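**Q** Chain residues, written in single-letter form:
6 protein chains.
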Amino acid sequence: MKKILFHTTDYEYLAQQVLSSNKLEAGEVEVRKFSDGERYQRILTEVEDRNIILLGGTINDEATLEIYDLASTIVSLGANSLRLVVPYFGYSTMERRVKNGEVVAAKTRARLLSNIPNSYKGNRIFLFDLHTEGIPHYFESNIRAVHIYCKSIVHDAAREYGGDNFVMASTDAGRAKWVESLANDLGVNAAFVLKRRLEEDQTEISAVNADVRGKTVIIYDDMIRSGGSIVNAAKVYHEAGAEKIYVITTHGLFINNGFERLKNCGLIEKVITSDTHPNVMKIEDDFLEVRSVSNLINEIAMH
Amino acid sequence: MKKILFHTTDYEYLAQQVLSSNKLEAGEVEVRKFSDGERYQRILTEVEDRNIILLGGTINDEATLEIYDLASTIVSLGANSLRLVVPYFGYSTMERRVKNGEVVAAKTRARLLSNIPNSYKGNRIFLFDLHTEGIPHYFESNIRAVHIYCKSIVHDAAREYGGDNFVMASTDAGRAKWVESLANDLGVNAAFVLKRRLEEDQTEISAVNADVRGKTVIIYDDMIRSGGSIVNAAKVYHEAGAEKIYVITTHGLFINNGFERLKNCGLIEKVITSDTHPNVMKIEDDFLEVRSVSNLINEIAMH
Amino acid sequence: MKKILFHTTDYEYLAQQVLSSNKLEAGEVEVRKFSDGERYQRILTEVEDRNIILLGGTINDEATLEIYDLASTIVSLGANSLRLVVPYFGYSTMERRVKNGEVVAAKTRARLLSNIPNSYKGNRIFLFDLHTEGIPHYFESNIRAVHIYCKSIVHDAAREYGGDNFVMASTDAGRAKWVESLANDLGVNAAFVLKRRLEEDQTEISAVNADVRGKTVIIYDDMIRSGGSIVNAAKVYHEAGAEKIYVITTHGLFINNGFERLKNCGLIEKVITSDTHPNVMKIEDDFLEVRSVSNLINEIAMH
Amino acid sequence: MKKILFHTTDYEYLAQQVLSSNKLEAGEVEVRKFSDGERYQRILTEVEDRNIILLGGTINDEATLEIYDLASTIVSLGANSLRLVVPYFGYSTMERRVKNGEVVAAKTRARLLSNIPNSYKGNRIFLFDLHTEGIPHYFESNIRAVHIYCKSIVHDAAREYGGDNFVMASTDAGRAKWVESLANDLGVNAAFVLKRRLEEDQTEISAVNADVRGKTVIIYDDMIRSGGSIVNAAKVYHEAGAEKIYVITTHGLFINNGFERLKNCGLIEKVITSDTHPNVMKIEDDFLEVRSVSNLINEIAMH
Amino acid sequence: MKKILFHTTDYEYLAQQVLSSNKLEAGEVEVRKFSDGERYQRILTEVEDRNIILLGGTINDEATLEIYDLASTIVSLGANSLRLVVPYFGYSTMERRVKNGEVVAAKTRARLLSNIPNSYKGNRIFLFDLHTEGIPHYFESNIRAVHIYCKSIVHDAAREYGGDNFVMASTDAGRAKWVESLANDLGVNAAFVLKRRLEEDQTEISAVNADVRGKTVIIYDDMIRSGGSIVNAAKVYHEAGAEKIYVITTHGLFINNGFERLKNCGLIEKVITSDTHPNVMKIEDDFLEVRSVSNLINEIAMH
Amino acid sequence: MKKILFHTTDYEYLAQQVLSSNKLEAGEVEVRKFSDGERYQRILTEVEDRNIILLGGTINDEATLEIYDLASTIVSLGANSLRLVVPYFGYSTMERRVKNGEVVAAKTRARLLSNIPNSYKGNRIFLFDLHTEGIPHYFESNIRAVHIYCKSIVHDAAREYGGDNFVMASTDAGRAKWVESLANDLGVNAAFVLKRRLEEDQTEISAVNADVRGKTVIIYDDMIRSGGSIVNAAKVYHEAGAEKIYVITTHGLFINNGFERLKNCGLIEKVITSDTHPNVMKIEDDFLEVRSVSNLINEIAMH
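Protein chains in written order, with this note's numbering: chain C, 1 to 303; chain V, 1 to 303; chain W, 1 to 303; chain F, 1 to 303; chain A, 1 to 303; chain E, 1 to 303.
Because the hints were derived from the structure by calculation, they are not lab data. These numbers were taken from a predicted model, which means no experiment stands behind them. Don't take each hint at face value.
[To be verified] Listed next, with one range per pair, are the computed distances between beta-carbon atoms:
#1 V:Lys99 x A:Lys23: 49 to 55 Å
#2 V:Glu269 x W:Cys265: 44 to 50 Å
#3 V:Ala26 x F:Tyr40: 53 to 59 Å
Ideal Cβ placement from N, Cα and C applies to all residues, glycine included.
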C-alpha cells in the first residue's frame with residue numbers, strides 16, 4: 001500500500017509536485033478558519049496503520065503549529081509511521097546564545113517538534129540544507145532527525161551555468177567550509193570574501209584568495225533573505241574581475257524586495273533556487289530559475 | 001525578594017495593571033522582528049534562582065509560541081519556579097472529537113505547554129474560566145494546571161446591575177450547569193434558553209423555565225465572540241417579558257463587529273467583561289465596562 | 001494469526017461472549033490467591049510478537065490492579081500490540097475538583113493506566129459511553145484513548161420499545177446534550193427534567209420542555225447505580241402524562257437494591273442495559289433486558 | 001514549620017503513635033465510600049509548599065491505590081516534598097520470574113509507585129526490612145527508594161530475651177545471610193535449618209550447623225504469614241536440644257490462624273513483632289509482644 | 001531477511017562462533033582509535049528497518065561505552081529492532097548498598113543501558129547467569145531485560161564428568177539456592193560449605209551437610225575471578241573425603257593468575273567454563289575446557 | 001553552608017587549586033580498584049540536601065563513567081543540586097555525521113550525561129571552550145548545559161606576550177570566526193591560514209589575508225593534540241615574515257610527543273595553555289606556561 005502524503009496549507013504547490021510522480025497517495029485535510037482566527041482541521045483520509053509523510057516548512061508560527069497539530073492528530077489516530085518533511089526549518093540562524101538571555105529558537109523549536117507523540121514505528125524529521133550542521137542533534141530522542149543535502153541540485157545548476165572551469169564563491173567566512181566542500185566536489189577553485197582591517201580601523205573587504213579574473217563566479221549561499229550580502233559579495237567579485245556572476249541558493253525567501261535588489265544590481269546573470277520555501281512560487285521572472293526538491297522528497301518517502 | 005513578572009507582547013496592558021499594585025518586579029524582555037518575520041527575544045532581567053510569573057494568553061499561534069519560547073528560555077536560564085498565567089486559553093472550544101479525524105486542539109496545545117522544560121520547583125499554569133471543566137486534566141504531569149474562577153468579578157457585576165432580585169440567564173443548554181451554580185450562589189433564579197421541537201419539524205426557541213416577566217435578566221456567557229448567540233438569547237428573554245437585560249462575560253473577544261452587534265440590537269443595557277483578552281482594550285465605549293482580573297493575578301502571584 | 005483475548009477475573013462472562021464469534025484466540029491466565037490475599041498471576045499463552053486484547057473494567061481497586069499487573073506483564077513478555085478494552089471505567093464521575101483538596105480519581109486512574117509500559121506498537125485503551133467527554137484526553141501520551149459510543153445498542157432498544165414517535169428523556173440537566181443528540185439521531189423530541197425555584201425557596205421539579213402527554217417516554221442515563229434519580233425522573237414524566245416509560249442505560253450497576261427499586265416503583269415497563277458491568281449478570285428477571293457489547297468489542301479487535 | 005503526616009485508613013494506629021512524639025503536624029483527610037464502593041478522598045490540610053510524609057503499607061490493592069491517589073493529589077496541590085513511608089511492601093516475595101509468564105508484582109508495583117508525579121523536591125519512598133535486597137533498585141528514577149533496616153528493634157528484643165549467649169536462628173537457607181549478619185552483630189552463633197537428601201529420595205530436615213543444645217534459640221524471619229515454617233523450624237531446633245525458643249519478626253501478618261498456630265505448638269516462649277502491619281493490632285495476647293517502628297518513622301521524618 | 005549480528009571489539013571470537021551456524025548476517029563496523037584515545041566507529045552495514053543483534057559484554061568501561069555508542073547509533077540509523085546480547089554483565093556483584101554512600105554500579109549501569117534510544121520495536125537486553133536474580137528488574141521501562149540461564153551447559157558438563165551419582169557443590173552460602181536447584185534438576189545431592197563458629201571465636205569451615213566421601217564432587221560457581229574461594233572450597237571437600245573434584249563456572253575471568261592458582265592447587269581434575277568472557281580465549285590448556293554459549297545466542301536471535 | 005566539591009580521580013590537581021581559595025568544602029570519595037578492574041566508589045561526605053559540584057573532564061571512557069556513577073549516586077543520596085564541571089569534553093570533534101553510519105559521539109555522550117537522574121533542584125553541566133558552538137544544545141532537557149568561555153585567560157596571555165599590536169592567528173579556516181572574534185575584542189588584526197588551489201591540482205597554503213611581516217603572531221587553537229597543525233601554521237606565518245610566534249590553547253592534550261614537536265620546531269617562543277586537561281600537569285618545562293581555570297570554576301560554584 002502506498003504511503004500517504006499530507007501537507008500544510010502553504011506547501012500545496014510542493015505536494016502537487018511530489019504527487020505528480022504517482023508514488024504516494026494524497027492525504028486529504030479539511031481546513032478552515034473560525035471567525036476568531038482559530039483553525040479547524042480534520043483529517044479526512046483514514047490513517048490507521050498507514051505510513052504517513054507530512055510535508056511543510058516551519059516558515060512562521062502558524063505553519064509550525066499547523067504541523068504540530070496535524071502530526072499530533074495523525075499519531076493519535078493510529079498511524080504506523082510518521083515522517084515530517086520540513087524543507088525549510090525556521091529559526092535555524094538563531095542556533096546559539098550570543099548574548100546572555102537570548103532565546104535559542106532553533107533549540108526550542110527542535111524540542112517542540114520532538115514532543116509530537118510517537119507513531120507506532122516512531123517519528124522522523126527530514127531537514128534540508130540546514131544553516132548549521134549541529135541542528136539535527138538539537139532534537140531529542142523521541143524523534144530521529146535526518147539532514148538532507150540538496151547538493152545534487154546545486155551541483156547540476158553550477159555545472160550547467162559554470163561549465164568546467166568556474167569559481168565557487170561564498171558570501172562570507174561563515175560558509176567557507178561548505179563552499180570549499182562544494183568546490184572540491186566539482187573540481188573547481190573556491191573563493192571567499194575576506195575582511196581585512198587597515199591601519200586606521202577601516203575595514204576593507206576583498207576576495208583575495210582565488211583568482212577570479214575573467215572567470216565565471218558562482219556564489220552559493222544556503223538562504224537568501226533580503227539579498228544584501230549577496231549583492232555585496234557580487235560587487236567584490238565583480239571588482240576582482242569576474243566575468244559573469246551566477247547565484248545559487250537552497251532557500252529563497254526574497255523578503256523586503258530581495259528579489260528586485262538582486263535583479264536590479266546589474267551584476268548577476270541569474271539566480272537559481274530550490275523550491276523549499278513557498279515565497280519562490282510568488283515570483284515569475286526569467287531572472288529566477290526554480291528547481292524542485294520534489295525528487296528528493298520522493299526518495300525520502302520511498303526509502 | 002519579589003517575584004518577577006514577564007508578559008507577552010499582547011499582554012502589556014494587563015501586566016501594567018498587575019504591576020501597579022507594586023507587589024511584583026517587572027521583568028524586561030527585548031523583542032523585535034527580523035525582516036523574515038522571525039522574532040528575536042532576549043530576557044534582560046536576571047532570572048537565575050528567581051520565582052517567575054509569565055503572563056500571556058494563547059490568543060493565536062504567535063502568542064502561543066511567544067509563551068513557549070520565553071518560558072523554555074526562562075527555565076534554561078535557571079529560574080527557581082515558573083507560573084504561566086494564561087488569562088485566555090485558545091482552542092478551549094475544540095475540546096473533544098465530534099467527527100472522526102478532527103484535531104482536538106485543546107489537547108494538542110495542553111500537551112505543548114506541558115512540554116516546557118521544568119523549572120527547579122516545577123511549572124504551573126493558571127487558566128481562567130475555562131469553557132470546559134476537564135481541560136486542566138488535559139495537561140500532562142510535567143506541569144500543574146489550576147483552574148481560576150472569576151466568579152467574584154461576575155458576582156459583583158451581577159449584584160451591582162441586578163440588585164437582589166434578578167434572573168441569571170444562559171444563552172444555551174451547554175452553560176446551564178454553570179449558570180445554575182452562579183444563580184444559586186447569588187440566591188436568584190436561573191433561566192435557560194431551551195429548544196423545543198414542534199410537530200412539523202420546526203424548532204421554536206423559548207426561555208420557559210423561569211419567569212422573567214418584568215425582571216432584570218443578566219445573561220452570562222464565558223466568552224463572547226461574534227455575539228450572535230447573545231443577541232439571540234436577548235431576543236428570547238425580551239420576548240418573554242424581561243424588563244432590562246445586562247450581559248456579563250469573562251472573555252470578550254468581540255470579533256467580526258461583535259461589539260457593534262451587541263450595542264446595536266437595542267435589547268441590552270450594558271456589557272460587562274473582564275480584561276482576559278486584549279481585544280477588550282481596543283474598545284472605548286460606555287456600553288462596555290471592563291473589570292480587570294489583575295487582582296486575581298496578584299493573588300496567584302502572592303500565594 | 002488471530003489476536004489473543006485475555007480478560008480479568010470478573011469479565012469471564014463477556015470474554016466468552018466475545019470469543020463465541022470465533023474471531024479471537026482465547027488467552028489463558030493462571031490466577032490464584034495466596035493466603036495473605038496477594039494474587040498470583042501467570043500468563044500461560046505465549047504472547048511474544050502477538051497482538052493482544054485485554055478485556056476488563058476498572059470496577060474496583062482489585063480489578064484495576066489486575067489489569068495493571070497483567071498488562072505490564074504482557075508487555076514485558078514482548079507483545080506486539082496491546083489494546084485494553086475497558087467496558088466500564090470506574091471513577092468517571094470524579095472527573096473534576098469541586099472542593100479544594102479533592103482527589104480527581106478519573107485523572108489519577110487515567111495516569112495509572114497511561115503508565116503501563118509500551119508494547120512494540122504502543123498501547124490503546126477503549127472506553128465505553130464515558131460519563132464525561134473529556135476523559136480520553138486525561139490519558140497521557142504513552143497510551144491512545146478511544147471513546148466507544150454504544151449508540152447502536154441504545155438506538156435499537158429505543159426504536160424497538162418506542163416505535164417511531166416517542167420522547168427521549170433525560171434524568172437531569174447534566175445529560176441534556178447527550179440525550180438531545182440521541183433524540184436528533186432518532187428523529188424524536190427530547191425531554192429534560194428541569195428544576196425551577198419557587199418564591200419561598202422551594203424547589204419544584206417538572207418536565208416542561210416537551211409534551212409527553214400520552215406518549216411513550218424512554219429515559220436514558222449512562223449509568224444506573226442505586227436507581228434513585230431514574231425513579232424521580234420517572235415520577236415527573238408520569239405526572240406529566242407519559243403513557244409508558246422505558247429505561248435504557250449503558251452501565252447497569254444496580255447497587256443497594258437499585259434493581260428492586262426500579263422494578264417496584266411501578267412506573268417503568270422495562271429496563272434495558274448493556275453488559276459492560278458484571279453486576280448485570282447477577283440479575284435474572286424479565287424486567288431487565290441485557291444487550292451485549294460483545295459485537296462492539298469484536299469490531300475493536302478486528303479493526 | 002513542622003512536616004505534615006498523612007496516613008492511609010489502615011495505618012491510623014501507627015500515625016497516632018508517630019504523632020505522639022509531637023514532632024509532626026497531623027494531616028487531615030476526609031474519606032468516605034460511595035454506594036458503588038468508590039472512595040471519596042479530600043485532603044483537608046493545606047499542603048502547598050509544605051513537606052509531606054504519607055504513611056501507609058501496600059497491604060492490599062485498595063491500600064495501594066489509596067496511597068497512589070492521595071500521593072498524586074498531594075503533589076498536584078503543590079507539596080514541596082513527599083516521602084512515602086511504606087512499613088510493609090506487599091508482593092515483595094514475588095520478586096522474580098520463576099516460571100515463564102509469571103507476573104513479577106514486586107516490579108509492577110514498584111513501577112506504579114515510581115509513577116506518582118514529582119513533588120517540587122522529588123519523591124522518596126522508605127521501605128522496611130524488605131524480603132529481597134534488590135527491591136529498592138526496582139523503582140525507577142522518578143522516585144528515590146530507601147531501605148530502612150529495623151535491626152535496632154530486632155537486636156534489642158534478641159538481647160533482652162536471649163541474654164549474652166544465645167543462638168540466632170533462621171527458618172531456611174533463604175534467610176541465611178541475613179541471620180548470619182544479625183548473629184555477627186550480636187556476637188553470637190548463627191544456626192540454619194538445612195535440607196539433606198537421604199538415599200531413597202527422602203528429605204530429612206535438621207539444624208546441624210550450630211550447637212543449640214541447652215541454649216536459648218531466637219528464630220528470626222522477616223515476615224510471618226501463616227506461621228508454618230516457623231513451627232517447622234521450632235520443631236527442628238527443639239529436637240536438636242534447644243532449651244528455650246523465641247521468635248522475632250518484622251512483619252507480623254498472622255493470617256489463617258497463624259498466631260494460634262504459633263501459640264499452640266507449645267515450643268515457643270514468645271513472639272516479638274514490630275507493628276509494620278496492621279494485623280498485629282488486632283491481637284491482644286501476652287504471647288505476642290509488639291514493638292513500634294514509630295521512632296524509626298520519626299527519624300525518617302526529621303532527617 | 002536474516003537478522004544482522006554486530007559485536008564489540010572484544011567479542012569477535014564469539015560472534016564468529018555464532019555466525020558459523022549461518023543463521024545471521026554479519027554486520028560490519030569500522031573501528032579505529034585516534035591518537036587521543038577516542039574511538040572512531042562507523043557502521044558500514046545498512047541497518048535501516050533491519051532487526052539487529054549487538055553482541056558484547058560490559059567487561060570494562062570502554063566495552064560498556066562501545067556498546068552504548070554503537071547501540072545508540074544503530075537506533076538513530078533506523079533499526080527495526082535491537083537486541084543487546086550481553087554474555088557478561090560487569091558490576092553485577094555491586095548490586096546493593098552495604099555501607100552508606102556506596103555506588104550501586106549494577107543499578108547505574110542498568111540505567112545507562114536502559115537509556116539507549118528505542119528502536120522501532122523497542123530494545124531488549126539478554127543477560128547470562130546473573131550473580132543476583134533481581135538485576136533484570138533494575139533496568140527501566142525503556143528496555144526489556146531477559147535473564148538467560150546457561151543451565152544446559154552446566155548440566156551437560158556435570159553429567160559428563162560426574163556421571164549419575166555425584167555431589168553438586170557450592171563455594172559458599174550465597175550460592176546455596178542456585179546449587180540446590182541445579183542438584184534437584186540433576187537428581188543428585190547438594191553440598192554447601194558452611195562456616196561454624198567455635199567456642200573461642202575461631203571459625204571452622206567444613207562441608208557438613210552432605211556426604212561427599214568417596215564421591216565425585218562438582219563445584220559450581222557463577223563466576224571465577226582470582227579463583228581463591230574455589231580453591232578454599234576444594235580443600236574443604238577434599239578433606240571431607242571427596243574422591244575427584246571438578247569445577248564448572250559460567251563466567252571465567254581468571255584474573256591475577258586465577259587459572260594457574262586452580263591448576264596448581266592439585267585438588268581439581270578440570271575446570272569447565274563457558275565462553276561468556278573473552279579472558280577464557282587467552283588460555284590454551286587441557287586443564288580448561290571451554291563450552292560455547294553460541295547456540296544459546298543463536299536461539300535468542302532466532303526467536 | 002558551603003557547597004561541596006567532589007572530583008574524579010584524574011582531576012585531583014584542579015580540585016586542589018579550586019579548593020585553595022577556601023570557598024568550597026572538599027567532598028571525600030573512597031575509590032579503589034578490584035582485581036577484575038571494576039571500580040569501587042563510596043561517597044564519604046554526607047550529601048543529603050547539600051549543593052554539590054562534581055569536577056571532572058570526560059577525557060576517556062573510564063573518566064566518563066566515573067562521572068556518571070558518582071553523579072548518579074550523589075543524586076540518589078539526596079543532593080539538593082548538582083553541577084557537573086567538565087573542563088574538557090571528549091569527543092567534541094565528532095559532532096556531526098560526515099559519512100553515513102558514523103557514530104556522532106558528541107551526541108551520544110551528551111545524552112549519556114543528560115540521563116543522570118535529577119537532583120532536587122535539577123542538574124547543570126558546565127563545558128569549557130567547546131570545539132563546536134552547538135554542543136550545549138545536544139544535551140536533552142533533563143540537564144541544563146552552560147558554555148563557559150575562557151576568553152579572559154586567552155586575552156590576558158595574548159596581551160602579555162603580544163603587547164598592543166600583534167596579529168591574532170588561526171591554524172585553519174575552521175576556527176576563523178572564533179579568532180576573528182578574539183582579534184576584534186583585543187583590537188588587533190586577525191590572520192587565517194588559507195588553502196589556494198594552483199593550476200595543476202597542487203595545493204599551496206599561505207597566510208595571505210593579513211600582513212604579519214615583522215610582527216608578533218599569536219596562534220590560538222581551542223585544543224592541541226599532536227601539535228601538527230600548529231607547527232604547519234607556524235611555518236606559514238614564519239615564512240610570511242612573522243617576527244615572533246606564540247601559541248595559546250585552551251585544551252592542551254599534547255599526545256604522541258605533541259609537546260616535543262612544538263618545542264623542537266624552533267619557530268615558537270612559548271606555548272600557553274589552561275589546565276583543563278590533566279595532561280598539562282605531566283609536563284614541566286619553561287616552554288610551557290599553564291594558567292589555571294580554577295578561578296572560573298570558583299565563579300561557577302559561587303554563582
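**Q** Could you run down the list of hints and mark each one as holding or not?
**A** Tested hints:
1. Range check, lysine 99 (chain V) to lysine 23 (chain A): about 50 Å between beta-carbon atoms, so the 49 to 55 Å window is met.
2. Separation of glutamate 269 (chain V) from cysteine 265 (chain W) is about 48 Å and conforms to the stated range, judged on CB atoms against 44 to 50 Å.
3. For alanine 26 (chain V) and tyrosine 40 (chain F), the hinted distance range of 53 to 59 Å is not satisfied, since their beta carbons lie about 44 Å from each other.
Violation of the numbered hints given earlier is confined to hint 3; every other hint is satisfied by the structure.
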